[in-house]
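Work the whole structure out from these sequences, hints included.
Listed below, chain by chain, are the residues.
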Amino acid sequence: MSDARVNWVERLGLIDRRWLYLVLLISVAVAVVVRPLFPDTPSTFVQPVVDRIESLEPGSPVLISLDYSPAAAPEIEPMAFALVRHLLMRGAHPVFISLFPEGSAMFQRLHADVLAADFGDLEAGRHWTNLGYKAGGRMVINALRQDLSAMYHADMDGRPLADLPGLTDCSRLGDFSLIVALTSGTPGLKEWILYGGDPTGVPVVGGCTGIGTPEYLAYFPGQLSGLVGGLKGASEYEAALASRYPERAFPRRAGRVMGPQTVAHVVILVFLVLGNVAYLRGRRREGGGGVS
Amino acid sequence: MSTSFEVWLAAALTLMVLSFLWRDNPFYKFAEHLFVGVSAGYWMVLGFWTTLWPNAVVKLVPAAARVTDPAAALPDREPLVLIPLGLGCLMLLRLWPRLSWLSRWPTAFAVGTTLGYNLVRTLRSDLLSQIHAAIMPGLLIRAVDGSVAWGATVNQWVLLAGTVCCLVYFTFTRGDRGARAPLARAGLMVLMVAFGASFAYAVMSRITQLVGRLHFLLGDWLGIV
Chain A
1 MSDARVNWVE
11 RLGLIDRRWL
21 YLVLLISVAV
31 AVVVRPLFPD
41 TPSTFVQPVV
51 DRIESLEPGS
61 PVLISLDYSP
71 AAAPEIEPMA
81 FALVRHLLMR
91 GAHPVFISLF
101 PEGSAMFQRL
111 HADVLAADFG
121 DLEAGRHWTN
131 LGYKAGGRMV
141 INALRQDLSA
151 MYHADMDGRP
161 LADLPGLTDC
171 SRLGDFSLIV
181 ALTSGTPGLK
191 EWILYGGDPT
201 GVPVVGGCTG
211 IGTPEYLAYF
221 PGQLSGLVGG
231 LKGASEYEAA
241 LASRYPERAF
251 PRRAGRVMGP
261 QTVAHVVILV
271 FLVLGNVAYL
281 RGRRREGGGG
291 VS
Chain B
1 MSTSFEVWLA
11 AALTLMVLSF
21 LWRDNPFYKF
31 AEHLFVGVSA
41 GYWMVLGFWT
51 TLWPNAVVKL
61 VPAAARVTDP
71 AAALPDREPL
81 VLIPLGLGCL
91 MLLRLWPRLS
101 WLSRWPTAFA
111 VGTTLGYNLV
121 RTLRSDLLSQ
131 IHAAIMPGLL
141 IRAVDGSVAW
151 GATVNQWVLL
161 AGTVCCLVYF
171 TFTRGDRGAR
181 APLARAGLMV
191 LMVAFGASFA
201 YAVMSRITQL
211 VGRLHFLLGD
221 WLGIV
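If you're matching them up, the sequences are chains A and B in order.
Residue 130 in our numbering sits at position 130 of the first sequence; the count goes up by one each step and never skips.
Residue 79 in our numbering sits at position 79 of the second sequence; the count goes up by one each step and never skips.
The set of hints was computed from the structure by calculation and includes no laboratory data.
Take the hints with a grain of salt, since some may be wrong.
From chain A, some residues computed to sit far from chain B (all C-beta separations above 10 angstroms) [what the hints assert, rightly or not]: (1) Trp8; (2) Tyr21; (3) Arg35; (4) Pro36; (5) Val114; (6) Tyr133; (7) Tyr195; (8) Asp198; (9) Ala242; (10) Arg248; (11) Arg284.
Derived coverage of chain A by chain B (criterion: at least 3 residues anywhere in the stretch with Cβ under 8 angstroms from a Cβ of chain B; other residues may be distant) [what the hints assert, rightly or not]: (12) 25 to 32; (13) 68 to 79; (14) 86 to 98; (15) 259 to 271.
Treat the numbers as computed from the prediction; the structure is a model and nothing was measured.
We put the CB at the ideal spot given by N, CA and C, even for glycine.
As structure tokens, this is what we get:
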């Protein structure tokens with residue numbers, strides 16, 4: 001091998017990291033503009049969530065906890081939108097609460113983009129209910145296990161719980177058919193499993209950020225019935241909905257973001273390979289002969 | 001291109017934060033300090049109106065409920081709220097060195113009740129249920145047709161072997177010698193694979209954040225997409 005070629009390979013390891021940032025930024029930006037859409041299929045963690053919601057009877061009360069903040073919205077919101085659309089198409093009754101103060105703002109976005117935009121004919125209190133945020137984290141879950149009205153006297157529009165036709169048979173957590181926890185931190189999915197699902201026997205499915213996914217997978221499938229993990233999980237869920245309900249052409253938000261995501265992964269993988277080649281070449285030239 | 005002042009402000013702050021990738025600079029510092037200050041103010045106001053006001057003020061002075069909602073029904077007065085409110089005030093005495101020892105009482109109360117309340121639940125759900133999930137029958141049978149689910153069975157055995165090897169790796173009472181050495185080494189490998197998978201998920205999350213910001217810059221701000 002010539003010295004010139006050796007130098008070229010070794011120089012790869014000396015490139016200023018800011019050039020790598022620039023290449024990554026340009027690659028992702030181009031992909032965001034081009035908006036490629038790759039095919040996707042539900043994984044073994046996502047499919048049970050789809051099946052669980054498909055098996056719900058019309059009118060089944062489903063508790064949805066919006067436990068995420070704007071920082072996690074790019075990851076969680078697409079799955080939240082897809083899950084709520086699926087629940088409403090199945091005729092279930094979503095009951096929204098939040099253990100995060102920002103959950104109220106997240107609900108407003110969900111209301112504007114899903115409830116009002118796609119299901120404007122459905123009525124608050126009858127077809128879906130928003131109970132809002134409560135401080136207290138896991139203690140809120142414990143209280144809900146005993147008595148729903150202990151924490152919530154009315155929905156966010158001020159209607160007393162007793163006047164909400166969708167909640168006539170729901171007095172405690174155990175009366176719900178399903179718990180959906182959309183989580184970006186603590187309190188979140190883990191608390192819903194430990195203090196909500198395990199003691200009551202109500203099945204729990206979750207959606208979480210990519211960072212949180214490995215932690216929650218430990219509870220699948222025994223204590224956690226299904227998990228939509230990160231943007232990839234959301235994209236898989238959207239693909240499952242698109243194939244199951246082809247007549248409802250909902251926008252595939254996560255699927256569209258997975259294109260730039262995939263491009264970024266390829267760029268990072270190329271950098272990883274080139275960086276390691278340069279590193280190993282450098283060590284060999286220094287006489288190390290390998291990696292210690 | 002957007003004509004909204006808020007969008008331009010958000011775009012400018014996004015670019016200021018991203019400028020840190022080049023190097024530390026005054027624009028980044030400004031955005032960082034602004035974020036910390038606004039966050040502190042936001043959380044303080046939010047904490048007051050969502051926690052202190054409904055859980056303490058309204059329960060002590062029911063008429064206060066009408067401050068936020070003129071049509072609200074007046075709740076019953078709950079004088080017992082004075083106890084947690086008093087404990088909370090004791091916590092603030094940490095700011096006065098001569099009386100700071102009083103803050104140990106609410107701290108001890110919080111630690112004791114939380115520990116007592118969570119111990120059993122955590123042991124059952126986070127330890128016993130996890131052990132139960134790891135210890136499964138040797139062969140997993142499909143409920144539909146009674147055939148052996150070979151994929152799930154192998155998966156289960158790999159999981160069990162990995163768990164045992166990791167436990168061996170973290171058993172420090174005897175050194176990794178003899179028959180334990182290869183098990184501990186395998187446990188280390190399993191841990192490395194787990195850390196790698198976690199890191200890959202973390203990278204995916206961060207890229208999602210980047211894509212989200214680029215969608216905002218190229219879409220909401222510049223109107224290109």
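Hints, verified against the model:
Under the 10 angstroms C-beta cut-off, the non-interface status given to A:Trp8 relative to chain B holds; the minimum distance is some 26 angstroms. Listed as outside the interface, A:Tyr21 is inconsistent with that label: its C-beta sits roughly 5 angstroms from the nearest C-beta of chain B, within the 10 angstroms cut-off. Distance check for A:Arg35 against chain B: the nearest CB is about 7 angstroms away, which does not clear 10 angstroms, and the non-interface claim fails. Distance check for A:Pro36 against chain B: the nearest CB is about 12 angstroms away, which clears 10 angstroms, and the non-interface claim stands.
With a minimum CB-CB distance of about 18 angstroms to chain B, A:Val114 clears the 10 angstroms threshold, and the non-interface call stands. Chain B draws A:Tyr133 into its interface by the beta-carbon criterion, the shortest separation being 6 angstroms against a cut-off of 10 angstroms. A beta-carbon of chain B is positioned within 10 angstroms of the beta-carbon of A:Tyr195; the least distance is around 6 angstroms. With a least CB separation of 5 angstroms from chain B, A:Asp198 falls inside the 10 angstroms interface cut-off, contrary to its annotation.
In this structure A:Ala242 is separated from chain B by more than 10 angstroms, as the shortest Cβ-Cβ distance comes to about 20 angstroms. Its beta-carbon lying about 24 angstroms from the closest one in chain B, A:Arg248 satisfies the requirement of being farther than 10 angstroms from that chain. With a least CB separation of 24 angstroms from chain B, A:Arg284 remains clear of the 10 angstroms interface cut-off, as annotated. Here's how the region 25 to 32 of chain A fares: 4 of its residues keep a CB closer than 8 angstroms to some CB of chain B, so the rule of at least three is met and the hint holds.
Here the region 68 to 79 of chain A counts 4 residues with a CB under 8 angstroms from a CB of chain B, which clears the bar of 3, and the coverage holds. Judged by the Cβ-Cβ criterion of 8 angstroms, the region 86 to 98 of chain A is not covered by chain B as claimed, because only 0 of its residues qualify and three are needed. Against chain B, the region 259 to 271 of chain A contributes 5 residues with a C-beta closer than 8 angstroms to a partner C-beta. That satisfies the three-residue criterion, and the hint holds.
Checked against the numbered hints above, the structure breaks hints 2, 3, 6, 7, 8 and 14 and satisfies the rest.
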